[in-house]
Structure formats: structure tokens, C-alpha cells
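Chains as they are written, first to last, in the numbering used here: chain Y, 7 to 232; chain S, -18 to 455.
Heads up, some of the hints might be wrong.
Said to hold, decoys possible - DSS-like mimics (lysine-lysine), calculated; alpha carbons at most 25 Å apart, straight line:
| no. | chain 1 | residue 1 | chain 2 | residue 2 |
| --- | --- | --- | --- | --- |
| 1 | S | 149 | S | 162 |
| 2 | S | 216 | S | 149 |
| 3 | S | 445 | S | 27 |
| 4 | S | 309 | Y | 147 |
| 5 | Y | 85 | Y | 147 |
| 6 | Y | 85 | S | 309 |
In short, the hints are calculated from the structure, not lab data.
Since this is a predicted model, take the numbers as computed values, not measurements.
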Amino acid sequence: MNSLIELRNVTKTYHLGDETLKALDNVSFTVNPGEFIAITGPSGSGKSTLANIIGGLDHPDSGSVVVDGNELAHTRDNKLSNYRNHNIGFVFQSFNLQGTNTALENVMLPLVFSHMKNKERKIRAEECLKAVGLADRLMHKPSQLSGGQRQRVAIARALAVNPKIIIADEPTGNLDSARGGEIMKLLSGLNKQGITLLVITHDMNIARTAHRIVDIRDGKIMERRG
Amino acid sequence: MRPTDYMRLAFRNIRRQKLRSSLTVFAVVIGATSVTIMLALVTGAKGFFLDQVEANGMLQQVAISAKTDISDFSDASHGYGGNCADCIKLTDAIVDKVKIVPHVTDVARITNDGMLEAITYGSKKLSLEQTTAYDANGILTNNVLAGRDIEAGDKDGVITMTSDYADKFGFKDKYDQLIGKEVRLQTRNFYTGVGADVQPPPQCNGPCKPQEQEQKPTILTAKIVGIVDTSNSSKTIRVPLEWMRGMQQFRQYQMTEADQKLQQESCRNAHGPCNPTQHYTLLVKDMLAENGYGSLIAKVDNSKNAAAAATEIRKLGVGAADAQESIKQQLTIFNILGLVLGGIGGIALAVAAIGVVNTMVMAILERTREIGVMRAVGAKRSAVRTLFTLEASMLGFIGGVIGVAAGFGLTRVANIFVNKQLASQNVHAHDIIGLPIWLILAVIGIATLIGMLAGLYPAARAAKLDPVEALRYE
Ligand SMILES: Nc1ncnc2c1ncn2[C@@H]1O[C@H](COP(=O)(O)OP(=O)(O)OP(=O)(O)O)[C@@H](O)[C@H]1O
Ligand SMILES: [Mg+2]
């Protein structure tokens, strides 16, 4: 089976004054299509850095990153932006919704950048909101929604472009465990429909639901089966 | 990203911060309004000037002179002609040719002369500098203050004079009383035109040659039919063109062949010494026909055709100039004024641009996370840059539109006052401060451009943001 994500000897170093900090230290790592992977590790271990590099938001200093046949390590902004738009859905811990826009408009945002017509965007966004159970909250602003609902809007937004991969960086971090459980159910449901899922989490109960747990310590991967 | 999406997003963002956007736009409005008013004033004054020029017909005229090396209208139209040996003289033959040049509707022939030396009314004698004559066919007109202007049917012995002479004769504010009065015009020496008492040379006995005898000044009488103002020229009397022709006649008694025969015959039958009787004939030369007119003014059907007609007339071998060139020089004054005043308004716009920069930098700080999200979901750097540049341009555009509208309102108000002023000075013009469409578009365009330029730096900063940093931004 061809892997969907393939990292080879990826290193990312930050320089703070005289100190050099290896956020990722010679990481090699593959993900197969349709996998659900939990990324765990202590704070500052490099989880988000790894996810951002896979998501095409960040560049590694060295090594190669191939996702679905795209070499990302040295890709220019235009291509990388298109890559993100077509392949990746991001879900963040703090939702990152646009406060002045409605749920519908928030979900439509990625479609604006994929040259879709306004009407089609609306239809697609409605579909996605329906899929996350918010068909009756289209015109609500984030401030009029609960935390769990906000994260579901964010998931709908990640879903809008029909991505191959959803990267969720501590999606339940700002939610109580019941709400968090609902969100995880939603995400794993999407995974069952074929979307490859990378979830960063501190919660071992959540991590255990994944096919595989990737544990990171000081920028190095200590993989173990989930 | 589609253009309409950019517009929609940019407009949304502007509306999001209503107070800040309004204040920024307000600064642009002040700049745009002042530019609008300044330029409207200048274009209004310029238009007024051009209207006046158009009204006195100068733009529809081509001045023609015998000299070909003239370029300026006033240089060509002074009416003295020029003494140049190989010039083509402005004779009636040339006049006829000019008349059939395309677009030329009529021609006025002008000749000025200094042969009248003084004018006397009652006991008051004033020296004369210039006597002018031209066709009374409506091409060259005067503002008549009393009586009437010279008309086509006028014969010898009729003059008009400029008001400065009338004032000197003591008729200030009562020009009417001069109308119909008789004046005496004293010619210079050597005058042999109409009215001159030209005598044959005295009989000369013995071997003598006929002497040049001096011609005394002649006194001509004339009736004043009108007083005109000094807007065309000052210290001028005008006479009918045909009288001028007469005045310029050269008359002299000369011995013709027939006269010589007669002289010889007077001694044929004499025996011994005989003093032959000398016979002379008065010869009259039409010097105006021979030397041509001082200048011609051709009238064309439309001011747009003046330049073309001038070109065509030059092909006749004479000099011709339309008024455009000299008007252009006067228009540069307006253009300089426009630059200066427009520049003052432009300073206000420049200050507004700083406000736009400030607003946009603030907006980008506030929306850093949002920019991160946009980037995460697939916005290219260029899309972010375009979006913020457009947002800044929109601030400029809105300010420009409101500024022009405000400027329009203010020019209407200003016109009310200017109209009163013009009316009190008997000027037939109103609403002279106009707002031509090009000015409206230019001000809106400049305001938009300034907004865009002001947005370039903040937009570049927004586009440069690292998406990961932006998403982490607190
Ligand atoms: N821009 C940066 N400059 C300097 N150091 C950075 C930068 N971004 C990340 N780091 C460092 O890189 C390391 C890895 O960061 P990363 O965000 O990947 O951690 P994480 O595993 O996601 O932590 P958490 O669980 O707290 O989110 C951290 O030590 C962090 O301080
Ligand atoms: Mg993290």
C-alpha cells in the first residue's frame, strides 16, 4: 500500500539567542490513507510543528515531506496554498472562527479560495454544517454558539473542501470531556468515511481510539501501537 | 479568489470597524473636497476666460499679415503691415483668395495710419497717434458707449473716437453730447490725400528744373457719430475704410508726354526766344491698392477650424495666425494656478493617506489570527495582499466620492455669491464654477489611487506574515 504521508529525516530547528532548539529532530514517519493517528507528547515536544509541516503551513529545515505525491519541503507559497486548500482541513484548539461572520460564512471561507461560485459555496457549506449537526445554526455568529458547537463549525469548515486529511491540533482542549467526546465521535466518523485523521491530544482516552499513537519527546518519535 | 469576493470581503472589513473607517474616510473627504474646490475654481475661471474669448469672436478669427514669419495673433493683426521687399502684399486680389478658403466666411481689411496729426474740437486740440479703418462687416466690433459705430454705408467725414479722447474734450459721463459734433483733423505735412490742396509746380522761366514744393498740412472736418470704449485700443479714432483709402491717395502734378507735347507746341510759332508754358496733369495713385492693407482678419465658421484655415491661408504666401497660440500662453497661467491650488488640496490628501496607512496597520494587527486562518484554508500571500490593498483603495474611493459630492455642493454655494458679483458688474455669465466630469473622475481616481498606495505597505506586511505565527498570535 502506498503511504499518503511520508516524512524522511525531517528536522526543524529554532534559534533563540545562542540556544538552538530542535522542535523536530530527524523525524521519519509515514501515514497510510484512511488512517487515524493520535499524536501525543508533553508540551513543547514538537507535536504542532509536525502537524503544521504535514499541513503545509510550515517548512522543515531539512528532510523531505511528501503528501499524496506532493513534495512540500521546498514548495513555493502559491502551490503550497493550493495544496492546503485542496488537501488539508485544519481544526484548532481555539476554534479560530471569524467572530463577525455567521457559521455559514465561516464554513464558506475555504471555498472562496477554491474559485467556487458563491451559490455552490453556500450549498456545500450548508451540507457540511448539516453533517456536523448544525443545520439549524447557519446564521448564528460564533458568539451565539456554545464551545462544542463552535468546534463543530470549525470541523464543518475543515470539511468544506472535501480534504484528504484533517489535522486537528488539540480539538478538545477547550471543551469539557462530554463535549470533547462528541467532537471526537464526529471526527472518527469522518475518518470512517475515508478521511485520514491526525489528532494531537493530551487525552489518553482519546488517543486510544486511534489506529495508532505517535508519541513525540523532544522532537523525536517514539511510536507505539494503539 | 474571484474579484467579487475581494470586493465583498474588503467592504465587509471596512464596515466592521465603523468608527475607525469613518474617521479615516473623513480625512480623505477633506482632502478630496479641497482638491475638488481648488480645481473647480481654476477650471471655472479658465472656462470663463475662454467663454469671453469665444464671445468676442477672437477664436473664430485668423489674423493675416504680409510678413510670413509671424506666429502670434496680435503680432499679425496690428494693421500696420510690414515693409518687406519680397512680401506678398495684402491687396484685394489676396482678399478674394482668402475669402474662398474653406471655412472662411468673411474677411475684414484693416489699415492703420499715422497721417492725421491732431484733432480739434472747439478750441481744444489733441494730438493723434493712430487712425484706424476697417471693414464694418461685423468681424471687428466695438463696445459703443454713445451714438453708433462706423457702419458699412458711411462716407468721408465720419469718425468714431475712443472714450479717452472724449474725456479729454471734457465730455466725461456725457458722451451723448459729443455725438453729431464737428471736429477738425489736421494732417501731417506732405499729405496729398483727399481734401489736400495740391498745386502744380510754379511756371519756371529759363533753364530751371521744377522744384519739389512743400505740401502744407490739410485740415479735414469730420462729424463724430459715436464714442467707443478702450477695450480694443486706446487713443484711436476710426474712419470709414473708403475715406482712409482717399486719405492715403498720393496726388501730384506731373508732366506727362501729352503735357510735354503741349509745351513744345506753345513755342512752335514763336520767333526768337520763347518761354514755353509748362503743362501738368494731376495724377492720383491709390496707395492702399498698391501697398495693400496692413492686415486682414478672416472669420471662420467655427473656432475648431481656425487653425486649419490659417494653414490653408499660409499657402497663399502670406502670414496667418489663429488666436489659439496666444490664448495658450494665457492658459498656462491658469494651469500653473491649478497646479499650485491643486497641490494645496493634495497636501490634505497626503495627510489622509497617512491616516489610511495607520488604519490599515491597526487592522492587520487586529486581524492577524484571521489572516492566519485565511492562509491555513488556502489563501495565497498574493490574495492577502490584494485584499488589504483593495480595502485601503476602497477607503480612498469612498472618501473621494463623498469629497466630490461635498465639493459639488460647495461650488453650488460659491456660485450663488459669484453670480451676484458678476451681475453687479454687468457681466453676462453665471454659474461659472463648474465641475466637469473629468474633474469628478480625476478626484475620485486620485483619492482611490492614494488609498491604494497607502495600503501597499500594510498589505505587504499582512502578506508576509508567517501563517503559523499568525495563528498563534494572541
Ligand atoms: N516560532 C518559534 N520560535 C522559537 N521556538 C519555537 C517556535 N515555535 C515553536 N517553538 C518551540 O518548538 C518546540 C515545539 O513546539 P510545538 O508547538 O510543536 O510544541 P507542541 O508539542 O505542540 O506543544 P503543546 O502541546 O504545548 O502545544 C517548543 O519547545 C517551542 O517552544
Ligand atoms: Mg501544540
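Each hint, compared with the structure:
| no. | hint | result |
| --- | --- | --- |
| 1 | S:149 to S:162 | holds (15 Å) |
| 2 | S:216 to S:149 | holds (10 Å) |
| 3 | S:445 to S:27 | violated (49 Å) |
| 4 | S:309 to Y:147 | violated (63 Å) |
| 5 | Y:85 to Y:147 | violated (32 Å) |
| 6 | Y:85 to S:309 | violated (57 Å) |
In the structure shown, a violation is registered for the earlier hints numbered 3, 4, 5 and 6, in ascending order.
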